[in-house]
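Enquirer: Just need the whole structure built from these sequences, with the hints factored in.
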Amino acid sequence: MSGVVLASAGYDHTIRFWEAATGTCTRTVKYPDSQVNCLQITPDKKYIVAAGNPHIRLFEINSNNPNPVRSYDGHSGNVTSIGFQKHGKWMYSGSEDGTIKIWDLRAQGCQRNYECSAPVNSVTLHPNQAELISADQNGNIRVWDLTSNTCSTKFSPDSENAVRTVDISKDASTLVAANNHGMCFVYTPKSSQNYVLRHSWSAHNEYILKARISPNAQYLATCSSDKTVKIWNTVDMTLLHTLQGHQRWVWDCAFSAVSSYLVTGTVVWHLWHLTSVFGSFI
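In terms of full-length UniProt numbering, the sequence shown opens at residue 1 and continues consecutively.
FYI, nobody ran anything at the bench for these hints, they're computed from the structure.
Quick reminder that beta carbons are idealized off the backbone N, C-alpha and C, glycines included.
There's no promise every hint is true.
[To be verified] Derived DEER-like restraints, expressed as beta-carbon distance ranges: (1) ALA172 / ASN205: 27 to 33 Å; (2) ASN194 / HIS87: 23 to 29 Å; (3) THR275 / LYS190: 27 to 33 Å; (4) LYS154 / SER200: 16 to 22 Å; (5) SER156 / ASN205: 19 to 25 Å.
Expert: Encoded structure:
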């Protein structure tokens, strides 16, 4: 497998690899333990990590080996979020068991554990590689200092509603959070202890399931149970386009490395070309 790596997974207990240009499935890997909640590809694109309930499994991408090459066990609930340090030295995970864990990819066992006191819905790594930002079911956003191993700050966009998803731009200029009431909240990070609310608005009339900022920090994509994905301008948060045509809830999305394509996922995946004609299918 070479070129673009496009992978999907879900409640059918499989991980599928696709040829992006044609939509052809090139490989299927079984995941019998549970549903797959999230996927992440390592920075070197050699491995893919699948997170389920409650296990995390590491698979080879350029291989026909159907078995995981490593397993990471320690969570006791659904793993809802995973990601990597930019050089792939370590991995982080968040779970409904109320913890965030850090793992050495080469070793067994959890290296660090952070208690959130509430189910964790989303975790993202600050571009400085020294802070994790989490969102939980109690409506809190926490910033975790990985140097001191402490929570440096905690704030709540809406204390009455769970924060479903959180993301930060690669230039660290924008933090976005969204909840089950369709509200989006955008913050300007001033320091590890000071996040200033810049904008809040009703982005959808139903749940926001995922919010992603593009690598070039120009676009914000929000996925919703209303079967749409909306693309927003990150400068003033004006709506640029609504991507329609999904038949079910849109659970997740991913931008390409140069921010020109967007993949959206329901029971089928859609590939959109953003730079030539907004909202067109490939």
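Enquirer: Are the hints correct? Go through all of them and say.
Expert: Structure-based check of each hint:
1. ALA172 / ASN205: 27 to 33 Å: 31 Å, holds
2. ASN194 / HIS87: 23 to 29 Å: Distance hint for ASN194, HIS87 holds at roughly 28 Å.
3. THR275 / LYS190: 27 to 33 Å: 32 Å, holds
4. LYS154 / SER200: 16 to 22 Å: About 18 Å separates the Cβ atoms of LYS154 and SER200, which means 16 to 22 Å holds.
5. SER156 / ASN205: 19 to 25 Å: Because 22 Å falls inside the window, the suggested range holds.
Violated hints are absent here; each numbered hint is respected by the structure.
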